[in-house]
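Enquirer: Read off the chains here:
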Amino acid sequence: ASSIIERRAEAIFAYTPAVTFPPDEPRNEVWGELFPREYNSYMKTSETDFKSKYNGSAMVDMLEESPRMAVLWAGYSFSKDYNQGRGHYYSIEDIQKTLRTGAPDEGVPSPQPNTCWTCKSPDVPRLMNKSGIAEFFRGTWDTKGTEIINHIGCADCHDSKTMNLRISRPTLLEAFEAMGRDIEEVSHQEMRSLVCAQCHVEYYFNKEIVEGVDYLVFPWRNGTTIEDLESYYDELGFSDWTHAMSRAPMLKAQHPDYEIYLTGVHAQRGVSCADCHMPFISEGGQKFTDHHIQSPLNNVANSCQVCHREETQELIEDVYSRQDKLLENRNILETLLVRCHVEAKAAWDRGADERQMKDILNGIRRAQWRWDFTAAGHGNSFHSPVETGRIITGGIAIAQEARVQLARLLSSQGYFEELPYPDISTKAKAQEYIGLDMEMINKEKGLFLENVVPRWMGKGREREKREYVE
Amino acid sequence: ASSIIERRAEAIFAYTPAVTFPPDEPRNEVWGELFPREYNSYMKTSETDFKSKYNGSAMVDMLEESPRMAVLWAGYSFSKDYNQGRGHYYSIEDIQKTLRTGAPDEGVPSPQPNTCWTCKSPDVPRLMNKSGIAEFFRGTWDTKGTEIINHIGCADCHDSKTMNLRISRPTLLEAFEAMGRDIEEVSHQEMRSLVCAQCHVEYYFNKEIVEGVDYLVFPWRNGTTIEDLESYYDELGFSDWTHAMSRAPMLKAQHPDYEIYLTGVHAQRGVSCADCHMPFISEGGQKFTDHHIQSPLNNVANSCQVCHREETQELIEDVYSRQDKLLENRNILETLLVRCHVEAKAAWDRGADERQMKDILNGIRRAQWRWDFTAAGHGNSFHSPVETGRIITGGIAIAQEARVQLARLLSSQGYFEELPYPDISTKAKAQEYIGLDMEMINKEKGLFLENVVPRWMGKGREREKREYVE
Amino acid sequence: MRFISKLIPPERWRFPVIVLMGIFTGLAVFALYISNAPSYLGDKPETCVNCHIMAPQYATWYHSSHREITHCNDCHVPHNNIFNKYYFKAKDGLRHATIFTLRREPQVIFIKDEGRDVVHNNCIRCHEELLTDSRLLARGRDIHEFRMDRECWDCHRETPHGTVNSLSSVPHARVPLPGSVVPLWLKDMVSKSKKQ
Ligand SMILES: [Ca+2]
Ligand SMILES: [Ca+2]
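Chains as they are written, first to last, in my numbering: chain C, 354 to 823; chain R, 354 to 823; chain S, 47 to 242.
Just chain C, same shape as in the assembly:
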C-alpha cells in the first residue's frame, strides 16, 4: 500500500520549471534537464548491440551484404559506401564518416552540398531560422562543419514551450502545400508519424528553385505512391545521375519509409510510427513515451504486444517471414539489374546507337527505381508487404523486358550467347569491377576524420559556449 501512495506522490509531485531555453535550443542535454525520462531513453539510441535478421542497431555495411549494389550504383557516390543506418545518436558521426561526403579540407570542398545536413541535427532549424531556407542549403557540405554538431534531438520534433510535436523542416510543409493539403489540419495521431516524415522520406535536390542551390524537395506533387513519384520525376526530366555502365538516366530512391508505410494495413488502421518505434512505457506511476527509437523487435512487449497478444517469438517470425519472402524476389531483381547494366554496356561497346538504346535505358531506369524504392527503406518489407511485393514484381517485369530487347539488340550485333555474369562476390571485387580506387578514397577519408573533424567539433563547442552563456 505504501508503495502505491509513494508512486502516486511521484506523479502528483508539483514541478516548477527550473530551466528555460530558447526555442531553437539544439543541445539535447539542456532539454534533458527538464525531461530526464525522455532524455535518458533517447540517449539509448547510442546502443549498437541489437541485431535482428535484417536490421538492428548496429551499422550494417550493405555493400558487403550485397556487392551487387555497387554495380547498380556505378558512377554514383553510393557505390563507394552505403550502410544501413543506426540510432539517431550517430547522425553526426555517420555523415562525417561516410565516404559519400568525401574528404574536404582547406581548399578541397566536399562533393556534397549543405543540403545533406538537413536531416541530421537540431542545429538545422536553428540555422535556417537565422539565414533563411535557401541560404542554408547553399554551399558545399564542409562549410557548415563547425555549425552542425548536435545529433538529431528534441528540437527536431518538439516545440520548446509547449512540448507539442512540431514540424521543424520546411520541406515537409512545402510538400504538403504542393499536394494541396494543409498540414495545420492533420490530427495529432498523424503528427506522431509526420515528425518522422520530415526525414524518413524519398527526396531529391532541385537546382532550379534557387540559382546555385541544391534545394531539398519531396517529390509528392502528384501523390506519394511510387508511380506518382515516378511521373513527377519524368515530367521534370529529372535524373540523379547517369549510370557509368549502361548510361541510363537513373533515379536514386532514398528511404521512402513514410510513403511505403502509408500503403500498409497499420497506417490504414491509424497506427503511427511512434506507436511501434516509440511505445509508451511506465515507470514510477507515470506513463511516458519511450524515446529509445529502434527496431521494435528489440521491444516487442511494449510495441507489438499491446495490440497483439501473440508470443514474442511468433510476432518476430511474422516480421521475418515477410522480409524473407520479399527479399527472395528483391535479390532476383538485383541480379537482373546487374545483367541489364552489363548487357547494355556490351551493346554500347558494340556500336549501338541512342535510338536503339532509348527504350532499353528507360526500362533500366524504371526497373532500378522500383528495386531501390523497396531496398532503401529498411522497414518496408514489414511496413507494407503487399505494396512492397507489388513494386518488386513490377520491377522484375520491366527489367526482363529490357533484357528481352537487349537480347534482340545484341543478337543483331552478332552476339547470341548470354553474357557472363561478372565476379562480384565481394564488395572489394565489385568496387574494383566498376573501377573505384578504394585504397586512395579510404586513405583520404582517414585523414579527414583524424584532422578535420576534431577541429570542426572543437570549434563548434566553443561557439556554443559563447552563444549560450548561462
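Any given hint might turn out to be false.
[What the hints assert, rightly or not] Among chain S residues calculated to face chain C with C-beta under 10 Å, some are:
| # | residue |
| --- | --- |
| 1 | Y108 |
| 2 | S110 |
| 3 | L176 |
| 4 | L177 |
| 5 | D179 |
| 6 | R181 |
| 7 | R185 |
| 8 | I189 |
| 9 | R193 |
| 10 | D200 |
| 11 | C201 |
| 12 | R203 |
| 13 | E204 |
| 14 | D234 |
| 15 | M235 |
Hints listed in this document are in silico derivations from the structure and should not be mistaken for laboratory results. Beta carbons are placed, not taken as given, at the ideal position from N, Cα and C, and that holds for glycine.
Put chains R and S with the ligands on the given structure of chain C with help from the hints.
Expert: Chains R and S with the ligands in isolation, oriented as in the chain C frame:
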C-alpha cells in the same frame, strides 16, 4: 414479455431425434428434417445474386473475363470452358453443364474419368463405401451419371450419428499419411478447415497406383508450398498435358485454396475457413453455424466484424485493394505467358530442335504453374496476399527469362523483331485462334443436357426411392 | 382538467377499459418482473446479463483484470454527475430493451459513438494519474489532451472484452442470471426445518 420467456425456453429446449438415417445418407433434405436451421441456411447456397468486385455467388465466365486463359490452356479442356464456381447447391448441375465433361451418350464416353465426381456429392462416400476407392474412380465419368445426383451436402462433412465433423474423402487421409502426419491428431479448429481441404485443394490424377484407374492424389508428400508441390511433380516427371502451341509439358493448378490459406496471417492466427465462410449466428437464443457458405463480403458483420471493428466498407476495401494489387501483376504475367507460347511456337516453326527448346519449355512450365496457382484459387489474393505476390513475382521472372532465351533463339533464326501479339480480345477470338470449333462443341453439349441428363436424374431418383424405403 | 376529462372514456366503455388497463398494467408488471427490471437501477453486472445477448461482454469482463475493480457501469455510464448517470442509463436501457424485445439485435453489437465517449472518459477517470505529468502540465494542457484523444482500446484491444465480438463468441461461458443461488424448494425446506 412472452418473447423473453420463449427465447429462454428456446435455448434450453432439449433435442430428441425424431428421424434416423444411415451413415451415408446422401439426401440433404433428410438431414434437414433434423437440423432445419443448418439445412435452410445451406440451401441458400442456391442464391446467385451477390457480386463482389472479383467474386460472388453468380457464375463468372473466366474465359470471357480474360480470353488470354484460353491460349494458356491450348490443347487442354479448360480452354473450352472455365468458370468461377458458385454455391455448393450447384455442384451437380455445373459439372453436368461444363464443356469439360463432354457430351457422352450411349456408346460415346465422356473424356473425363469418374474421378471428377469425387468433390461433387455426398453420393461419393456412399459409393466408395460400397465398391472401394479405386473401383469408384474406374471408368469414364458418364458411367456414374445415375448414381451421383445429390449436390454437396451434410454427409460430406458430418458424421451422421454424432454430427461431428468428419473426413469423408480418402484422398485427404492419404495425403496426410504421405506427409507423415496423423489426421486423428488434429485439433477441432483445424477440422473446421480440413473439411474444406477435402476439395478446395490442388490435385492430380495418378495412373500408376492402380492399373487403368485415374487415382485422385493431393501432391503433398514434400509439403504444401508451391515449391514443394512443384518438386513433387518434377520428381514424378508428371505433366497434365502438352501445350498445343509451345509443346511445353504443362502443369494445371486447381483451386489450391487450402494450401495458400495456410501461408496467410489468418491461418497463422488460427482462423479457420469456417470462421469466415460459416460464421456462427444466433437465432432465437440458439447459436448455430451459418451454412450459407459464400463470399464473406456478403456477410461482413458476422464474419469479419467479429474480429475487426472497422466499418463494413473499410473491410471490403481492404479485400479489394489486395485483390487489385495482385491482379495488376497477375495480368502482366498472363500476357507474358501468351507471348511465351506464341514465341515458342514460332521457334519450333522455324526449325528449333529439342535441345534448344528444353530449358525454354521448362521455364514456360514453371512460370505458368505459378500463374495458375494464384489464378485458380479465387480467394488467394485475400487469403494470403504476400505469398500470392511472391508466387506471381517468381512467375514473371521465369517467364521473362524464357523470353530472353527465346529472343536469342529467334534472332539466331533470323527473327529480330518482337512477334505480334495475337488478337484475342474476346473469348470467341481466342478460342478460334487456338483452333477450337466451339459451335460444334456447344451443340453436342446442348443435346446431352437436353436428353441425357434428365434421364440420369430420373433414373437416380427412382433408384433412391427403391433404396430408401421409409 | 378539461384535457383529462377528455381522456375519460364514455360511460358504457368504462368497465371494459378498466379491465383492459388492469391487464396491461399486470402485463407490464409481469414483464418487468420476469426481465428483472428492478435490478436495472443497481450497479450489479448481473443486471446487464439479464439479456443473454450480453453474455459475451459479461464473460470477457469477468475474466479480465478489471473484474476486481469495475462494474459495467463504471465504464458504460457517465460519472460526471448523478443525474447524467441515471438519464443515460434510462435512455440506453430503454433502447436496449426495445431492440431486444423486437428481436432486432445485430449478431455483432457495436458500441455507439456516444457510448464510446462515455467509456473513454471513464478509462481516463481511473487512470488519470498514470497519464498526467505535472511537468508537462506546467507547460500547457495540449499534450495531455492529445495524449488522451485516442481511444484507449485502439491499443489496449483486449480491454476488457477481448478481441472476438459476437453473440456467439463465448458459447460455453457460464453467465449467472440474477436471482438467488438457492432454489425455492430448498429454501422452503430449510425454513420449514428451522420452524420445527
Ligand atoms: Ca539499423
Ligand atoms: Ca463464386
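Enquirer: Each hint should be assessed against the structure and marked as holding or not.
Expert: To see whether the hints hold, each was checked on the structure:
1. The interface hint given for Y108(S) is violated, since its Cβ lies 18 Å from the closest Cβ of chain C, which is over the 10 Å cut-off.
2. Below 10 Å, beta-carbon pairs count as interface contacts, and S110(S) has none with chain C, the closest being about 13 Å; its hint is therefore violated.
3. Of the supplied interface hints, the one on L176(S) holds, with its beta-carbon coming within about 5 Å of a beta-carbon of chain C, less than 10 Å.
4. Look at L177(S): its Cβ gets to within about 6 Å of chain C, closer than 10 Å, so that hint holds up.
5. At about 6 Å, the closest approach between the beta carbon of D179(S) and any beta carbon in chain C falls short of 10 Å, and the interface hint on this residue holds.
6. A hinted interface residue such as R181(S) counts as satisfied when its beta carbon comes closer than 10 Å to some beta carbon of chain C; here the least separation is about 4 Å, so the hint holds.
7. A hinted interface residue such as R185(S) counts as satisfied when its beta carbon comes closer than 10 Å to some beta carbon of chain C; here the least separation is about 5 Å, so the hint holds.
8. With a least beta-carbon distance of about 5 Å to chain C, the hint placing I189(S) at the interface is held under the 10 Å criterion.
9. Residue-level restraint check for R193(S) holds (minimum Cβ-Cβ distance to chain C is 8 Å; threshold 10 Å).
10. For D200(S), the suggested interface contact is upheld, since its CB lies about 7 Å from the closest CB of chain C, less than 10 Å.
11. Checking C201(S) against chain C: minimum C-beta separation of about 5 Å stays under 10 Å; hint holds.
12. Interface hint status for R203(S): upheld, as the beta-carbon distance to the closest one in chain C is roughly 5 Å, under 10 Å.
13. For the restraint placing E204(S) at the interface with chain C, the shortest Cβ-Cβ distance is roughly 6 Å, inside the 10 Å limit, so the hint holds.
14. For D234(S), the interface hint is violated, the least distance from its beta-carbon to any beta-carbon of chain C being 46 Å, above 10 Å.
15. For M235(S), the shortest C-beta to C-beta distance to chain C is roughly 45 Å, which exceeds 10 Å, and the interface hint is violated.
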